[in-house]
Amino acid sequence: MELKNKKLSEESFFQERKEVLTHWVTGKDVDLQEAVDYLKQIPKHKNFALKMRKAKADGITLAQPRAGVALVDEHIKLLQYLQNEGGADLLPNTIDSYTRQNRYQEGQAAIDESMRENRSMLNGFPVVNHGVHNCRKVLDAVELPLQARHGTPDARLLTEIIHAGGWTSNEGGGISYNIPYAKSISLEKTIRHWQYCDRVTGLYEEMGVEINREPFGPLTGTLVPPSMSNAVAIIEGLLAAEQGVKNLTLGYGQCGNLTQDVAAIRALEEQATEYFKEYGYEIDLTTVLHQWMGGFPADEAKSFGVISWGAATAALAGATKVIVKTPHEAMGIPTMEANAQGIRSTKQTLNLLKGQRLSISKDLGMEKELIKAETKCILDKVFELGNGDLAVGAVKAFETGVMDIPFAPSNYNAGKILPARDNNGAVRYLEFGNIPMNKEIKDFNNQLLAERAKLEGREVSFQMVVDDIYAVGKGTLVGRPEIK
Amino acid sequence: MELKNKKLSEESFFQERKEVLTHWVTGKDVDLQEAVDYLKQIPKHKNFALKMRKAKADGITLAQPRAGVALVDEHIKLLQYLQNEGGADLLPNTIDSYTRQNRYQEGQAAIDESMRENRSMLNGFPVVNHGVHNCRKVLDAVELPLQARHGTPDARLLTEIIHAGGWTSNEGGGISYNIPYAKSISLEKTIRHWQYCDRVTGLYEEMGVEINREPFGPLTGTLVPPSMSNAVAIIEGLLAAEQGVKNLTLGYGQCGNLTQDVAAIRALEEQATEYFKEYGYEIDLTTVLHQWMGGFPADEAKSFGVISWGAATAALAGATKVIVKTPHEAMGIPTMEANAQGIRSTKQTLNLLKGQRLSISKDLGMEKELIKAETKCILDKVFELGNGDLAVGAVKAFETGVMDIPFAPSNYNAGKILPARDNNGAVRYLEFGNIPMNKEIKDFNNQLLAERAKLEGREVSFQMVVDDIYAVGKGTLVGRPEIK
Amino acid sequence: MMKTNIVLGVIGADCHAVGNKVLDYAFTQGGFEVINIGVLSAQEDFINAAIETNAAAILVSSLYGHGEMDCRGLREKCEEAGLKDILLYAGGNLVVGKQDFDSVKERFEKMGFDRVYAPGTSPDAGIADLKTDLAEAEEMAHYKQDFKKVS
Amino acid sequence: MMKTNIVLGVIGADCHAVGNKVLDYAFTQGGFEVINIGVLSAQEDFINAAIETNAAAILVSSLYGHGEMDCRGLREKCEEAGLKDILLYAGGNLVVGKQDFDSVKERFEKMGFDRVYAPGTSPDAGIADLKTDLAEAEEMAHYKQDFKKVS
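The listed protein sequences correspond, in order, to chains F, Z, R and G.
The first sequence begins at 6 in my numbering and counts up by one.
The second sequence begins at 6 in my numbering and counts up by one.
The third sequence begins at 2 in my numbering and counts up by one.
The fourth sequence begins at 2 in my numbering and counts up by one.
Just chain F, with the same shape it has in the complex:
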């Protein structure tokens, strides 16, 4: 079938759906009308979409951790701990990597081994294996809205199961859950799959159940220039809106320079609103900032410094939600105690900063306009490549390197661009690859990096990029050469 940015027809959707629900045995338990009835009677305080809308109206920033383990009862224990001891405002269900690759058989083997070994052999909750009734069991056990957070290129069955299971938010998108998460799955395929997921959400909306959708903002989480991630977020937002999504949270991964981070969140919100208006979609728009997604210091005290700075940035930017890291970040998956600590230090910072916003200054205004201008250069070309069709345009944009995400594993990503930090730590384009920026923008980026190179007495090079990748883990934002 030809890819098009157009609401899926009822016929084709339900035909596809029949097949999707056979992908794993738990698919047979999904009954749309029964699910709608179930969702209508869950308490309002457990609905993700309502909580996000209220937070925005109140001008506060909500804190959400990442968390998921192999077994249902252990997973419930974990979420209850993060709710009660961490003080989380929203709860996640981080899904394991086998499920993300639709390898349910291997997931089942790992569940069995986890039971035998009495420790989680999975890095998340294998939700497809556990099925609808276990999703509901989890929801019953907590007093907060639930979201699935994963990285699944084909999340069609997962989406059916989580929403029928009462989880009222789903993270992902056809670009953001492909390019950073897959190696050899075509973008055409994943955009089509996520049209299906968005259509599921749209159906629930049409049947009177509000569901939140969140494209994955940070992408590879490593030195992604804000205009590139904002372009992806706006495209995924528009694609979702076409399928009937109404409650949308667009995301961004903290880069570390306060001015740039605040500018990026505000540019994202403003520019997305403009595009939704232009294309006639009415959207409840909120934003999320992800605390620093790159390498962390091994030391826990230092990690608290990184975490708190992410929380402060989210508050000062006015993001509706912040995704929280933990003091165990450098060591891999955290204990639940460390996870709760991350939330508590985040919440303390958010509470201290309640109502405080970074005031508009000349620097902030300029940075915001720069990000918007860069994003527009990209989006204009995407629309042009697709002859006005955004889905087609997105596929062609990645083919031609017009869109290009640094450090992505996908073969469908050109991998020609390189980012690096300027002297103030803001992320700039070092290599533009085929990104169609205008000359003014290119010159500005080049100039800033030349200034850094001069200060450091070296050439602009890949070594600069490598230094930046490891810098935060070593305690600084900009990866300066070591003084010998």
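Derived by calculation from the structure, the hints in this document are not laboratory data.
Because the structure is a prediction, the values reported are computed rather than measured.
Misleading hints may appear alongside valid ones.
Unchecked claim - Stretches of chain Z that chain R covers, calculated by requiring three or more beta carbons in the stretch to come under 8 angstroms of a beta carbon on chain R:
#1 122 to 133
#2 185 to 192
#3 428 to 437
Stated by the list, open to error - Among chain G residues calculated to face chain F with C-beta under 10 angstroms, some are:
#4 V96
#5 S104
#6 R108
In this text, a Cβ means the ideal position worked out from N, Cα and C, and glycines have one as well.
Given chain F's structure and the hints, the job is docking chains Z, R and G onto it.
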């Protein structure tokens, strides 16, 4: 002798000095010329004044903890730990409370008991009891500059001993080490005592040894309106300059609202510079921000949030130094491990923010001008009361409540003013007492607090102040009434 | 009804005034007549104030870690001064360093304190305890009086 | 001199590409010919690439915590495929949760890995180790050859 803001005459200083050095047996070991020779040969990297000047030139913020225990060897162990494991940039010697009250006999008893019990029975290092050679022993054992931090109304002997002992910075001042630290010692007396201390510093400067002086900025550390603490800092700076102090660090205690805190530090630096210029003093001026001095949360993760936010504020303000709290703050004196953790989270935040400054915005500019205008109202009246003499003016200003520090224990403080936070968490004047602000300023403060009272549906009252005092310990900045 | 007098102060070389001012406010609001001798107060200052005002309780604060040394012998000096059965409360950061509060409490109770409060305790807890303790003391006094009548 | 071929990849269902790209750069700079099979690579992908390129070492990364399961049996499959004595290195966040690294290392060494690296190890350490291990292997090969000649 009549108090005057005039450099002490050589004759009167040395006459007084003879007596001062008899206050405790260790006074006899102080030999000025020998001390100058000793100080001239200590390595440059152990000189506080030089390190502060260099940090300002480099645009970085240095981190300094508080720390001190009863016994010399234990104290050295503590400082080495904070240097090596904490990564401190500057080291403190926090002095115990008996020494602060010149109760050397009791200090000696506690030293003896600490030896017997093998735990520190003192809340600091009893430096007068330990004497010059032990100060030097401490300096020899570390690779960083040393400062005495205390709260001693009569620090004359202490000052003689620490500088002869190679410690190149001294905290305190005739107002800032009286009003918040004493009950019934007249301001006239302590200003005179601190003229002596400043004159000691001045003498060293004249003999070719640079010594840093730091008036104590945060005062009672509890909701002190920035203009009041800035007025004290500028007065103490001018009094110190008159005695020959050349390297001066003026301080401010974080209140929690970013705009106000940054405005306060910048207003302090700019306004002090103007006054020094006006009165013809050439001063190496630097600034210090104290991380939140009020109540802390008992939870360590939450405390890290408070600590990191203080570090971020110092960096964004461009303060030369930040005084670091610890995750044990709510529990009293921290273990050395907790102390080092506080430094590490602070340093991580400072490093991430290196080079980042809060850009000037309309809000920031207005807040800075407000603080300067309020400070000028106070200082103008102080000069007027003293007929141009600042020392006399300061004494009279406290007598008449023109200067008035909230929650201060001193009988020489009027205690008529009350502070409270506005809706954004900035500290405002709730009761002005006898502070001579102009009508515009009074109206503005009143209006902001009326807005808060309205939002909270209660009257402006002392209960609001009490709620603000405990708010940060409970997790928020503004002490809102509990919703019942 | 006449208000009950209580003596409030910060003991020893301690100059922490904020909590002192808040306790003054809270106990006054709570219905007590507070005689606040302020910071930097010696044991004798507490005792003299209690005698002068016929106080029912002495509330000792210590925030700076030397409380253990400063409070030693206070109960004995009260007895010597004729303040029999006066209630002694202590609260704050009573010792240097992070110590197990239960052991701190035990040490202070051995020193003759009736109530010992951990850092961060709300004034309301102290007010409630004081009311309970005073009511009990009064009951005991009545009981003694009744006993006299009977015997 | 011809460069030594080495196979680099991220095993299992793991898509962490950043470290992979940095290792590629670092080992290439270090003088090796890197055959980078990228993320989401099966054991068979590593083995096939090693056979095709006559590689001297296989460098396995795993960042997502499933490394222990994904790496089981790799040594045995190498042997079966005729890759005798090939060097096997593993590094990253190899297991779920914060575990004592020494025990993780021991488990991986039992599985036949020659070198096991903790999270956050610099690529330089791996490069140095690889040069040492290859030099030793060469020496051993010479020794075997000499021994043949003599005998």
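Structure versus earlier hints, numbers of those that do not hold, lowest first | 3, 5, 6
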